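For the record, the sequence lines run as chains A and B.
Heads up, the first sequence is in our numbering, so the first residue is 1 and it goes up one at a time.
Heads up, the second sequence is in our numbering, so the first residue is 1001 and it goes up one at a time.
I should point out that these hints are in silico values taken from the structure, not numbers from a laboratory.
Incorrect hints may have been included.
Listing some non-contacts, in silico: residues in chain B with all C-beta distances to chain A over 10 angstroms [what the hints assert, rightly or not]: (1) R1004; (2) D1006; (3) R1010; (4) E1021; (5) R1024; (6) E1028; (7) W1049; (8) S1053; (9) E1056; (10) R1111; (11) D1114; (12) E1120; (13) D1127; (14) H1163; (15) T1168.
Restricting the straight-line Cα-Cα distance to at most 27 angstroms, the calculated cross-link-like pairs of lysine-lysine (BS3-like) are [as the list claims (entries may be wrong)]: (16) B:K1160 with A:K195; (17) A:K519 with A:K441; (18) A:K189 with B:K1154; (19) B:K1154 with A:K49.
None of these values were measured; they are calculated from a predicted model.
The beta-carbon is built from N, C-alpha and C at its ideal position, and this holds for glycine as well.
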Amino acid sequence: MSSESRAAKAAQIRHLLDTEGDAVATNTRGFNRGRYDSVADLEEYQGLKDEARAIKEDAIERLPELIDELTETIEENGGTVYIADDAADANEYVAEVCAERDADRLVKSKSMTSEEIEVNEHLDREGVDVVETDLGEWVLQVAEEAPSHIVAPAIHKSRQDIADLFNERFDPDEPLETAEELTMFAREKLLARIKEADVGMTGANFLAAETGTMALVTSEGNARKTVTVPDTHIAVAGVEKVIPTVEDLRPFVELIGRSGTGQDITSYISLFTPPIDSPAVDFDDPDTPITDGEIDREFHLVLIDNGRLSMREDDDLRETLYCIRCSACSNTCANFQSVGGHAFGGETYSGGIATGWEAGIEGLDTAAEFNDLCTGCSRCVEACPVGIDIPWINTVVRDRINETGDDGFDFLVDGLTPDAEDESSPTLQKRVFGNFETLAKLGSATAPVSNWLGRSRPVGWLLEESLGVDRRRELPAFRRETLVEWADRRDETTPADPERRVALYPDVYTNYMLVERGKAAVRALEALGVAVEVPAAPGTGRPPLSQGMIDTARAKAEGVVEALEPHLEQGRDVVVIEPSDLAMFATDYERLLEPESHRRLADHSYELLEYVYGLLENGGSPDALSVADGEERVAYHSHCQQRTMSLEAHTVAVFEECGYDVTTSDVECCGMAGSFGYKTQYYDLSMDVGEPLAGQLRDADADHVVASGTSCTDQIGDLLGVEPPHPIELLDPGR
Amino acid sequence: MMTRSDTYDRFAESAGEYGVELTRTTAESLPGTIESVITTPVVGAPLPWDDCSLPEPVPTDPSPAELDAAVTGVSAASLAVADYGSVVLEATPGGGEPVSLFPDEHVVVLREDDIVPDMETAFEWLDEQFRDTGGSAIVATGPSATADMGSLVKGAHGPKEVHAVVVT
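Given these sequences and hints, build the entire structure.
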């Protein structure tokens, strides 16, 4: 990405933050809070998620067989199934059905698949009037805009925006104002359209192969009218929607509303086995009872491949097909909450999972437009009701984009970043962030000169112009003496008769920059009777992984194992300071290493405060640490991946045991997530995401603000003007 | 083990959270009870149980014009789900689906024996039912609703109010 295109991207994001950001933030955060409340009430939440995932895994595995079964069943029922290779194929078929019925008007209930194939535009060209009947979709049709959210398409519009739009476009006798007035106005308008419709079109959330039953998850009732009123029903659905039986619908019915909008259940779960046994309602013949005569309905199911069957063969994209389009990944994503689907989305799909969809359906170019907005924080993984590893899909797609990318800087980058991926050319910006460890080594070796240089104006300008490192960010200060060197040189202070022995993992930040937190960790652990070694080890590979440089990340992972394995063999536990590094060991390494290496490291690695918690639980005395009197207040921001791993509570418990009064932040993310916030094109977004966190930390009015992750501390430093320490620095017995 | 009465109470509580009003009655007093909760003009779909009938003022076999004009629609639910306060409305040739959908107020009649405790039981029933008949049904929970215009509004396309009459 050139500096011009970075500036253009930043301008586009700023524009969306200004125009749509507030409505998106209010609505997505509302949905997200609803999700937390609703799933908390569900005793068997985890069990249902496991069940849902298992059904999808099995269905995608047996997809060709299930498609055959569904086709056979629907045809036995008297309907027609058409399998469309792509959008054009699907549209032609739909247009043919409309032509055969001499249809002038088609009414449509909300369907992302129909957005994907752009059927409205096609039918319009064929002379069929298409009317969206979902209120949100209709607003967008009137406004001539695209959806910005999978579930709530007009989420970026406020009530006032919609009122202005309707008043201008329809000029009602009395200007419309309240949500009630707007809804009733739309209801009347749309009922008139539905009455005149010749064909009804819906999507399908699920299709049960055994009985030919489709499930539509809705709240408004327009899907029911769309199916019930006209005698012809066309359903368009991606092939991945097929599941075996009606009984298999149950976990999805319990999960989908909760995950999406935070409703325990939506108003209507329609289970249609078309052609349905309900009489059509012919408003052209208003006085003949609808129950008179034969029920003569026509049903067409258009099952759309459009890249999906290839995704099924793709080991990394396959999980995308498990997606049930609930939008939980969007609602829980801090970046999405700020900027919405018009920035964080492709031609059709938006939010975290959109990268997988757009890469599979539209291609890498489309996915590249917004893929960087996933910072890999992993909050979406626990929100996803089928447990899709969305950050991994984003990483893989980023890796593939890198392989096709060419920003013309190769000759320069190869010298700067010698361990760039083979045969690939990620952008210069990505390569520099991905090879941050090399810079850190250099910066440390040349400190303090490197730090003076880093803060000088010409270097700041150069970094921004060539690499897109935002000048408004303070660069980290490198330390001449690394943590590993300090640990090697210091006098032997190991407890004489240690209770436990650990290898403290010297991550790149702790080793080269945040050395004090490393020293505090060593002192705290030793005070609790632990023998500590700090072995030299490479970075975990998190930076290259987050830039989509998977091969580089794998090489780092192998280096880490090589450095730590001798310690594991001698019975030491591995203690990790940086939460994102523990997440690497625990989950990402599963994709990068041999199963046995991964398991051994993952099973014996602990987050620092989790380990301290364990020591205190097993008889360690908090008095060995720096304790408070119960009056000192701490405001603690846990790192996003730390929370995904359920490790926030350990830090809170340790602080409480040490006599601190703790409050925690509950915002989704700090807005930094590794290199994201340093990139000039995302600076404004990063600060916008950070604002709710800054607000919570200010409101806490604590004596100390502490944070676990380096990126969080950098971001909070910029937001509050004072960089917070790591929790261990507050507990450091040497403080 | 949940007793029948516990199941009813749970259903009443859950449905109540969605603003559904409940009236408990006997098969004998059903016509009178329905009459007391409807607003005319009214349309109905025949009740599928031998011992239950609609009151005289509720015409079945509606025309589109009658559907359009009706304030209340009366139809039966085949099943109800206590945990969620949901009712299962089958699509029938008698027009149960449009009757439950077009008027502003839906009076749903169900038998207390047909309230099952949870979704799992409901879906076992639906699975069996659909396998035999290829039927269609709506799992309806409360009135129609939308939040697309800035705050929650009832009655986006379907009924704005739901009244459940439970036959003991």
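A quick look at each hint next to the structure:
1. R1004: Non-interface label on B:R1004 holds, nearest chain A Cβ at 22 angstroms vs cutoff 10 angstroms.
2. D1006: holds, 17 angstroms
3. R1010: holds, 13 angstroms
4. E1021: Holds, because the least Cβ-Cβ distance between B:E1021 and chain A comes to about 16 angstroms, which exceeds 10 angstroms.
5. R1024: B:R1024 is indeed farther than 10 angstroms from all Cβ atoms of chain A, at 23 angstroms.
6. E1028: holds, 27 angstroms
7. W1049: Fine: 19 angstroms to the nearest Cβ keeps B:W1049 off the interface.
8. S1053: For B:S1053, whose nearest Cβ neighbour in chain A is about 17 angstroms away, the distance exceeds 10 angstroms, so it holds.
9. E1056: Non-interface label on B:E1056 holds, nearest chain A Cβ at 18 angstroms vs cutoff 10 angstroms.
10. R1111: holds, 20 angstroms
11. D1114: Answer for B:D1114: holds, closest chain A Cβ roughly 17 angstroms.
12. E1120: Non-interface label on B:E1120 violated, nearest chain A Cβ at 6 angstroms vs cutoff 10 angstroms.
13. D1127: violated, 4 angstroms
14. H1163: holds, 15 angstroms
15. T1168: Holds, since 26 angstroms exceeds 10 angstroms.
16. B:K1160 with A:K195: holds, 20 angstroms
17. A:K519 with A:K441: This hinted pair holds, its Cα atoms lying about 19 angstroms apart.
18. A:K189 with B:K1154: holds, 17 angstroms
19. B:K1154 with A:K49: violated, 30 angstroms
Going down the numbered hints, you'll see the structure goes against 12, 13 and 19, while the others check out.
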